[in-house]
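Given only the sequences and the hints, what does the whole structure look like? Please build it.
In order, the protein sequences belong to chains A and B. So the first sequence is residues 11 to 430, counted in the numbering used here. So the second sequence is residues 139 to 365, counted in the numbering used here.
Accuracy of the hints is not assured; some may be wrong.
[Said to hold, decoys possible] In the DSS-like style, the derived pairs of lysine-lysine whose C-alpha atoms are separated by at most 30 Å in a straight line are:
hint	chain 1	residue 1	chain 2	residue 2
1	A	K250	A	K192
2	B	K177	B	K191
3	B	K292	A	K172
4	A	K266	B	K151
5	B	K276	A	K266
6	A	K189	A	K172
7	A	K57	B	K151
8	B	K213	A	K172
[Said to hold, decoys possible] Label-pair restraints from in silico Cβ distances:
hint	chain 1	residue 1	chain 2	residue 2	range
9	B	T356	A	K250	38 to 48 Å
10	A	L220	B	V210	49 to 59 Å
11	B	Q321	A	K250	56 to 66 Å
12	A	I244	B	L262	56 to 66 Å
13	B	R208	A	I244	46 to 56 Å
14	A	T248	B	E155	26 to 36 Å
15	B	D312	A	K172	43 to 53 Å
16	B	F336	A	A339	57 to 67 Å
17	B	E223	A	K172	20 to 30 Å
18	B	S194	A	E254	34 to 44 Å
19	B	S313	A	D252	37 to 47 Å
20	A	D252	B	E185	41 to 51 Å
21	A	A339	B	T298	37 to 47 Å
[What the hints assert, rightly or not] Derived contacts from chain A toward chain B, CB cut-off under 10 Å, selection only:
hint	residue
22	P123
23	N183
24	S185
25	I188
26	F224
27	P320
28	S351
29	T377
30	V381
31	L385
32	G388
33	M389
34	L396
35	L398
36	N399
Bear in mind the hints are in silico, worked out from the structure with no lab data behind them. Beta carbons are placed, not taken as given, at the ideal position from N, Cα and C, and that holds for glycine.
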Amino acid sequence: MEIIAHYGNLLIFFAAIVGFFMAWGIGANDVANAMGTSVGSKALTIKQAIIIAMIFEFAGAYLAGGEVTSTIRKGIINSAYFIHTPELLVYGMISALLAAGTWLLIASYYGWPVSTTHSIVGAIIGFSAVGVSVDSVEWGEVMGIVGSWVVTPLIAGWISYKIFMSSQKLIFNTSDPIKNAKKYVPFYMFLAGFVLSLVTITKGLKHVGLHFSFIESLEIAAAIGLVVAIIGRIYISTIKIDPEADQSMHYANVEKIFAALMIVTACAMAFAHGSNDVANAIGPLAAVVNIVQNNGIISGSSQLIWWILPLGGVGIILGLAIFGHRVMATIGTGITHLTPSRGFAAELSAAMTVVIASGTGLPISTTQTLVGAVLGVGMAHGIAALNLNVVRSIVISWVVTLPVGAGLSIIFFYILKAVF
Amino acid sequence: MPPQSMFKNLFAKSPIEPIKNHMDTVTKCSELLIPFFQKCSQGHWVEADKIRKQISSLERDADSLKREIRLVLPKGLFMPMDRGELLQLVNRQDKIANTVKDISGRMYGRQLQIPLQFSDKFLLYTEQCINAVRQSQKVVHGLEELLELGFRGKEVDIITEMIMELEDIEDDTDSLQIKLRRQLLALESSLNPIDVIFLYQILEWVGSLADHAEILGTHLELMLIRS
Chain A
11 MEIIAHYGNL
21 LIFFAAIVGF
31 FMAWGIGAND
41 VANAMGTSVG
51 SKALTIKQAI
61 IIAMIFEFAG
71 AYLAGGEVTS
81 TIRKGIINSA
91 YFIHTPELLV
101 YGMISALLAA
111 GTWLLIASYY
121 GWPVSTTHSI
131 VGAIIGFSAV
141 GVSVDSVEWG
151 EVMGIVGSWV
161 VTPLIAGWIS
171 YKIFMSSQKL
181 IFNTSDPIKN
191 AKKYVPFYMF
201 LAGFVLSLVT
211 ITKGLKHVGL
221 HFSFIESLEI
231 AAAIGLVVAI
241 IGRIYISTIK
251 IDPEADQSMH
261 YANVEKIFAA
271 LMIVTACAMA
281 FAHGSNDVAN
291 AIGPLAAVVN
301 IVQNNGIISG
311 SSQLIWWILP
321 LGGVGIILGL
331 AIFGHRVMAT
341 IGTGITHLTP
351 SRGFAAELSA
361 AMTVVIASGT
371 GLPISTTQTL
381 VGAVLGVGMA
391 HGIAALNLNV
401 VRSIVISWVV
411 TLPVGAGLSI
421 IFFYILKAVF
Chain B
139 MPPQSMFKNL
149 FAKSPIEPIK
159 NHMDTVTKCS
169 ELLIPFFQKC
179 SQGHWVEADK
189 IRKQISSLER
199 DADSLKREIR
209 LVLPKGLFMP
219 MDRGELLQLV
229 NRQDKIANTV
239 KDISGRMYGR
249 QLQIPLQFSD
259 KFLLYTEQCI
269 NAVRQSQKVV
279 HGLEELLELG
289 FRGKEVDIIT
299 EMIMELEDIE
309 DDTDSLQIKL
319 RRQLLALESS
329 LNPIDVIFLY
339 QILEWVGSLA
349 DHAEILGTHL
359 ELMLIRS
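Structure below.
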């Protein structure tokens with residue numbers, strides 16, 4: 011207790027710096043995956059993608075990031091074990107941040123694709139199980155989270171398969187694909203706007219101070235979806251159809267219309283990513299701040315401090331602004347075979363899956379969900395060639411990242427304990 | 139250094155573009171047979187040799203493209219079509235170029251002159267065999283649109299129609315070949331017997347271009363049905 015009274019502000023400051031850099035790293039690296047689809051399919055330029063990402067990542071983090079943050083903050087470990095030693099929880103959360111940050115730095119250096127989410131979850135489990143007590147980990151919750159890592163890519167794959175098949179049936183496989191594209195693309199826009207705003211309104215707006223009943227939420231979400239669809243429709247009607255283009259390249263004009271849809275799904279993807287991944291950086295920070303501000307009293311029902319989510323959002327934006335361009339260029343050039351009509355299906359389904367996970371408070375990997383979604387389009391015979399080795403590297407990243415994150419956080423935990 | 143993106147690694151190089159390029163090269167190679175035969179029947183062997191060299195170099199190009207395609211098709215790729223079948227498809231395409239090279243090599247090596255009474259019909263026959271190759275080239279180009287449609291729907295019908303047309307062309311070359319054989323039989327006594335043997339062989343080889351083209355089409359049709 012004394013330690014917290016003495017060094018409280020120092021600890022917060024330290025945690026805030028580390029958390030901010032994590033957010034910065036998420037902005038610099040992870041966002042590129044989420045937005046790379048749009049850049050690769052040439053629906054957006056890199057600059058446009060970054061601007062969209064900045065706006066919607068922040069909005070997602072701020073408006074819908076609360077649930078996942080609360081899972082990271084207090085869902086994985088049982089705080090009852092820390093009531094008499096709240097400083098251990100503070101050290102632990104800081105070690106978790108340090109561990110995840112270190113591991114991500116190492117992984118980036120060697121070019122290994124690892125997930126921020128897995129690192130932070132592993133790190134939190136690590137310090138809690140080894141540094142305190144195996145029982146202090148809410149294993150039931152952890153199993154749920156790990157299970158969701160397997161399930162979300164599958165769900166995203168299934169949804170994208172369905173979306174892609176529906177677009178084939180409604181648009182491509184008809185006698186007048188251009189006319190049908192104009193007709194049906196706004197529906198997909200509606201779907202994106204509706205699902206995202208519904209999850210946000212029902213799950214995310216409490217801390218902003220807005221409360222709606224479910225019916226009200228439905229109505230507002232439908233209204234937002236409609237507005238998106240109408241704007242989209244107007245935008246589509248301004249697209250110039252060039253009959254010449256279709257002779258040299260089939261469906262060039264249809265793809266133009268899908269490119270408009272991809273702007274919407276890119277916004278959705280950035281929003282979803284912000285809503286889920288911001289917690290990786292600021293969840294532990296939120297825990298530290300809460301304990302210190304309550305003078306060491308851990309209360310399960312405490313609200314999130316107001317400045318935490320914006321801090322994460324700003325971190326992501328800065329990371330994007332400084333390094334996003336380069337990373338996005340690297341990734342965007344690699345996925346040139348993804349046309350807008352395929353990219354939208356993958357993005358839309360990944361965004362919906364991720365945002366629903368965010369609403370339920372499940373910290374998942376956005377990248378892996380997107381990989382699942384792309385494989386779904388592949389299952390529908392939509393993509394020329396996909397590398398299945400990636401599936402193996404996903405599984406390896408699950409198996410490796412958890413223990414490594416845990417091990418590192420145990421080391422940092424004992425160091426911090428010794429220092430104070 | 140940014141971490142390698144799992145997401146970026148997910149996308150492998152599409153095999154369709156190189157397969158199209160290979161088929162284009164093969165078709166170009168077979169089209170050279172017409173000027174080559176013209177020079178042969180006129181007895182301009184120096185110019186015939188020039189064309190033969192062009193044929194050889196196109197055949198080599200096709201070979202290196204084939205190798206390239208094999209390299210972009212490692213195991214563990216997830217594609218709308220079967221990997222083995224794509225490789226078979228390329229091999230079949232490559233056989234066309236090989237046959238063209240064999241024909242030009244044999245003709246030039248033996249300085250085999252096409253009898254004048256015979257050459258018009260023979261060129262017509264060659265043209266029709268090349269048409270079969272061109273038609274199969276069109277079918278191969280359709281792969282891309284098929285992919286765009288997820289291998290379903292109206293594009294499948296268009297491709298099936300193209301393949302039926304290809305079969306008609308091949309039938310036509312068969313009957314042309316029968317006529318040419320009959321004509322050659324009538325001329326046999328007036329020609330060098332060894333030349334006659336090789337002329338029959340060349341007739342067969344040219345006809346096999348259309349056969350390969352037809353098998354190529356059937357192969358693609360089977361791929362469609364299965365996927």
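Checked hints:
no.: 1; hint: A:K250 <-> A:K192; in the structure: holds, 12 Å
no.: 2; hint: B:K177 <-> B:K191; in the structure: holds, 14 Å
no.: 3; hint: B:K292 <-> A:K172; in the structure: holds, 20 Å
no.: 4; hint: A:K266 <-> B:K151; in the structure: holds, 23 Å
no.: 5; hint: B:K276 <-> A:K266; in the structure: holds, 26 Å
no.: 6; hint: A:K189 <-> A:K172; in the structure: holds, 21 Å
no.: 7; hint: A:K57 <-> B:K151; in the structure: holds, 26 Å
no.: 8; hint: B:K213 <-> A:K172; in the structure: holds, 27 Å
no.: 9; hint: B:T356 <-> A:K250: 38 to 48 Å; in the structure: holds, 42 Å
no.: 10; hint: A:L220 <-> B:V210: 49 to 59 Å; in the structure: holds, 53 Å
no.: 11; hint: B:Q321 <-> A:K250: 56 to 66 Å; in the structure: holds, 58 Å
no.: 12; hint: A:I244 <-> B:L262: 56 to 66 Å; in the structure: holds, 59 Å
no.: 13; hint: B:R208 <-> A:I244: 46 to 56 Å; in the structure: holds, 49 Å
no.: 14; hint: A:T248 <-> B:E155: 26 to 36 Å; in the structure: holds, 32 Å
no.: 15; hint: B:D312 <-> A:K172: 43 to 53 Å; in the structure: holds, 48 Å
no.: 16; hint: B:F336 <-> A:A339: 57 to 67 Å; in the structure: holds, 60 Å
no.: 17; hint: B:E223 <-> A:K172: 20 to 30 Å; in the structure: holds, 27 Å
no.: 18; hint: B:S194 <-> A:E254: 34 to 44 Å; in the structure: holds, 38 Å
no.: 19; hint: B:S313 <-> A:D252: 37 to 47 Å; in the structure: holds, 45 Å
no.: 20; hint: A:D252 <-> B:E185: 41 to 51 Å; in the structure: holds, 45 Å
no.: 21; hint: A:A339 <-> B:T298: 37 to 47 Å; in the structure: holds, 42 Å
no.: 22; hint: P123; in the structure: holds, 4 Å
no.: 23; hint: N183; in the structure: holds, 3 Å
no.: 24; hint: S185; in the structure: holds, 7 Å
no.: 25; hint: I188; in the structure: violated, 14 Å
no.: 26; hint: F224; in the structure: violated, 35 Å
no.: 27; hint: P320; in the structure: violated, 26 Å
no.: 28; hint: S351; in the structure: holds, 8 Å
no.: 29; hint: T377; in the structure: holds, 5 Å
no.: 30; hint: V381; in the structure: holds, 6 Å
no.: 31; hint: L385; in the structure: holds, 7 Å
no.: 32; hint: G388; in the structure: holds, 5 Å
no.: 33; hint: M389; in the structure: holds, 9 Å
no.: 34; hint: L396; in the structure: holds, 4 Å
no.: 35; hint: L398; in the structure: holds, 5 Å
no.: 36; hint: N399; in the structure: holds, 5 Å
Comparing the model with each earlier hint shows violations of hints 25, 26 and 27; every other hint is respected.
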